[in-house]
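Protein chains in written order, with this note's numbering: chain A, 1 to 452; chain B, 1001 to 1452.
Read the hints as simulated data drawn from the structure, not as lab findings.
These numbers were taken from a predicted model, which means no experiment stands behind them.
Treat the hints with care, since some could be wrong.
As the list claims (entries may be wrong) - Calculated lysine-lysine pairs in the PhoX-like style (CA-CA distance at most 20 Å, straight line):
| hint | chain 1 | residue 1 | chain 2 | residue 2 |
| --- | --- | --- | --- | --- |
| 1 | A | Lys217 | B | Lys1032 |
| 2 | B | Lys1278 | A | Lys353 |
| 3 | A | Lys118 | A | Lys157 |
To be verified - Just so you have them, the derived chain B footprint on chain A, three or more residues with Cβ under 8 Å:
| hint | stretch |
| --- | --- |
| 4 | 100-110 |
| 5 | 218-226 |
| 6 | 289-297 |
| 7 | 308-319 |
C-beta: ideal position from N, C-alpha, C; glycine also.
2 protein chains.
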Amino acid sequence: MREEIANRVEYLTRLFQEERFSFSAGMIEDLKVPDIAEVIAGLDREYRLEFFSALDLDIKSETIPMLDQGVLRELLENLEPEEIASYVNRMASDDAADMINLLEPGRVHLVLERVSRKDYRDLIALLRFDEESAGGIMAREFLVVEKDVTISEAMKKVRDRKRQIEHLHNIYIVDSEGILLGSIPVISLITEDPETPVSEVMNADIERVTADVDQEKVAFIFRKYDLYSLAVVDGRGKLVGRITVDDVMDIIEEEANEDISHLVGTGEEEFWQKSPVKLSRSRMPWLVTGLAGGIAVAIIMNSFREALESIISLAFFVPVIMAMGGNVGIQSSAIVVRELATEDFGFVETGRKILRELKVSLINGSILGLLLFIVVFLWFRDISLGILVASCLMFIVVWATMIGTAIPLLFHRINVDPALATGPFITTFNDIMGVLVYLAMATVMLRFVISH
Amino acid sequence: MREEIANRVEYLTRLFQEERFSFSAGMIEDLKVPDIAEVIAGLDREYRLEFFSALDLDIKSETIPMLDQGVLRELLENLEPEEIASYVNRMASDDAADMINLLEPGRVHLVLERVSRKDYRDLIALLRFDEESAGGIMAREFLVVEKDVTISEAMKKVRDRKRQIEHLHNIYIVDSEGILLGSIPVISLITEDPETPVSEVMNADIERVTADVDQEKVAFIFRKYDLYSLAVVDGRGKLVGRITVDDVMDIIEEEANEDISHLVGTGEEEFWQKSPVKLSRSRMPWLVTGLAGGIAVAIIMNSFREALESIISLAFFVPVIMAMGGNVGIQSSAIVVRELATEDFGFVETGRKILRELKVSLINGSILGLLLFIVVFLWFRDISLGILVASCLMFIVVWATMIGTAIPLLFHRINVDPALATGPFITTFNDIMGVLVYLAMATVMLRFVISH
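The shape of chain A in the complex, shown without the other chains (with noise of 0.2 Å):
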């Protein structure tokens, strides 16, 4: 939050507190929509549905798509369903489908039967996609003509229906039945002969998705062809909504953020929650994850004491053994996991992407190994601790590589969210068997080889 924003949010929140508020538009006629959202987002709980419901009703339904899930989630608890209809009938389709999503299902159809039978149809046929799915991101305004129409006849539902439009650059060109054909970008409209039919101008080599597509492959293919919009059609070819630029760049962010929770286990909601004790809900799980982790390693060292005890020096490596695991785990995991959000491989580029990693592991194992080895050997001037130690460190360097790369493009190939099989589970999974590994290979040197 700016300054700015944050000063004026101290400001009403003073007011508030002293009790003596009286909210008048003009205390916030300088700030933008975008500013007004980071101002209810800014302010205590309890203040935001004062503020929210002080702002003029158009001022409401533009800044919703603007607020934070969490944010909007609690004010709309706090609204009548017609109020909240009154809003849909001034939203665009798409954000008006997110906020009825973000209702409880047993308020949804009290909003529902108060809007207009457009929105109505609207809305019905957006909120049976999946919330990030390109059907749950299209809006369902777009401008469309037919095939036959000319230039000029397409300039004049511009100008009819301007007003219904946010951000339109395309016009879409289809045929009697509603099946897609291309695009053209308005401005084709002021180039082209006014007596050409659109069909001879269009673009009909235009990239389109079904409503089924993942959004993280929808941000994939605007990013690859750089798009500003892209049409959604459905399964025989009918063009159903239209995805634009500006909600790309925020599931781009969202996807980043989602991959990075889930590398560090904080929870996905983390990054607009203010209260200490959800926070602390939210990441708890991947702590107490890695407690178990700590506890069962405990366990192991205590099961193999007599090694220990009698060699205390092995006790030492046990941490460096475990971190490295860790830490060439969650290196693989997270480039693996950012190449499937950032492109799109098929099977023979998985296969060559386990044996890179697999290469760079051996390569690293024994760069590592070699200094670890000389690091002991100068240390205890003993060769067989310093070849267990590094053989050790080698072996979970590869391993937790090899596991760290296979299972979040295992978890891909059977479309589960790769990014939920890093972090957490494969760095205490990696621990645990780094440990045993390295204690059940000492133990087995211990009765052979090292003397002391």
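Given the structure of chain A, go ahead and fit chain B onto it with the hints provided.
This is chain B only, laid out in the frame that chain A set:
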């Protein structure tokens, strides 16, 4: 890479290998430019130049902006200055500047002295900005009219210049000095009365940035205001360039990848890299840091050898104390780094975030400490040992959280990329601190309390 592209790459590779390669444009005429870029990236390095050279000049100059930096840098090394200059003529100025930035410094002037005078002026204007600033990502191509021009005159200008400007969505309006006054969307040319001066219908309240603004901030403005393009002005308010949303999508992705790279300690160029040796090299610094940290931990444990030998169970909890410090540290810094990337906050907010993390860490530390106390007590029936490990865990959770939060925030205040302060160094630092505190406390308690 999609299966389809992978197959194509394999087919081409086979042709190259059999040395009966006779490439013709027809063999890739079904591919779009972004696909051709993927094919190039997919080919082995030795075949890339041969393939690229066989493309048409227009395809070449369209493909270049789509290539990964590493791939492009390699290609450019093998091309003559004349040839590179011929691409510049066909490219948008921002893409051309990005390409020039990849040349070896000694070759830049060889290319620049071969481009047209206009391109030269544009490039010189762009190249002086940092690559990650607004000036470094803006293009010099934009459509601008003076304020007294009418809608129909502006329309004529659009018709004249259409071919030269990609993604033309806005027309900028300036005064006679070139100072930016506002803009109108292209669609206004159609919907407004042709005789109106543009200044009467323009939106004067548009976002703008100066050329030195960081690209992360630019991305933030695009997302916040749902922009499609953003004007760049100089210190006096003169329009000098325009940034479009397609470049911003890449920046959002890049910045997220950069943050992740820093978090997990991989190099920034990792994401396009294929050579295992280079990959190993980019991950090695963090791994060596981790190894050094691990060895430091071993040395610390060795210096507490006496305590550890008298109570071996103490050693069992070194890994868990260390791992938990790492976990909470990386969680907090990931959160803070992403917050810094996606909002823009001042001094008050900084204090609030530290306070928030302090509260979270006190809650988490207490819960985790209590859990560990219960386990240790039930296991060893030793209250002192339980109190020792639990209080150390609690200390390290609070400590690591504070370090993980405060260091990135501090770096941000002094204008160093906060992501640099995450991952490797913080984790290693916390590891060492954790073990040191744990064993020091253990020694003290051993002397006074624990009786075995």
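Results for each hint:
Proposed proximity of A:Lys217 and B:Lys1032 is supported: the alpha carbons are some 18 Å apart, at most 20 Å. A threshold of 20 Å between alpha carbons decides the hint, and for B:Lys1278 with A:Lys353 the separation of about 15 Å falls inside it, so the pair holds. Between A:Lys118 and A:Lys157 the alpha-carbon distance is near 19 Å, which keeps this suggested pair within the 20 Å criterion. Residue count for the stretch 100-110 of chain A with a Cβ under 8 Å from a Cβ of chain B: 0. That is fewer than the three needed, and the coverage hint is violated.
Under a criterion of three residues with beta carbons nearer than 8 Å to beta carbons of chain B, the stated coverage of the stretch 218-226 of chain A is upheld, 6 such residues being counted. Only residues whose C-beta sits within less than 8 Å of a C-beta in chain B count toward coverage, and the stretch 289-297 of chain A has 6 of them, enough to reach three; the restraint holds. By the rule of at least three residues with a Cβ nearer than 8 Å to a Cβ of chain B, the coverage given for the stretch 308-319 of chain A holds, with 9 such residues.
Going through the hint list in order, the structure does not satisfy hint 4, though it satisfies all others.
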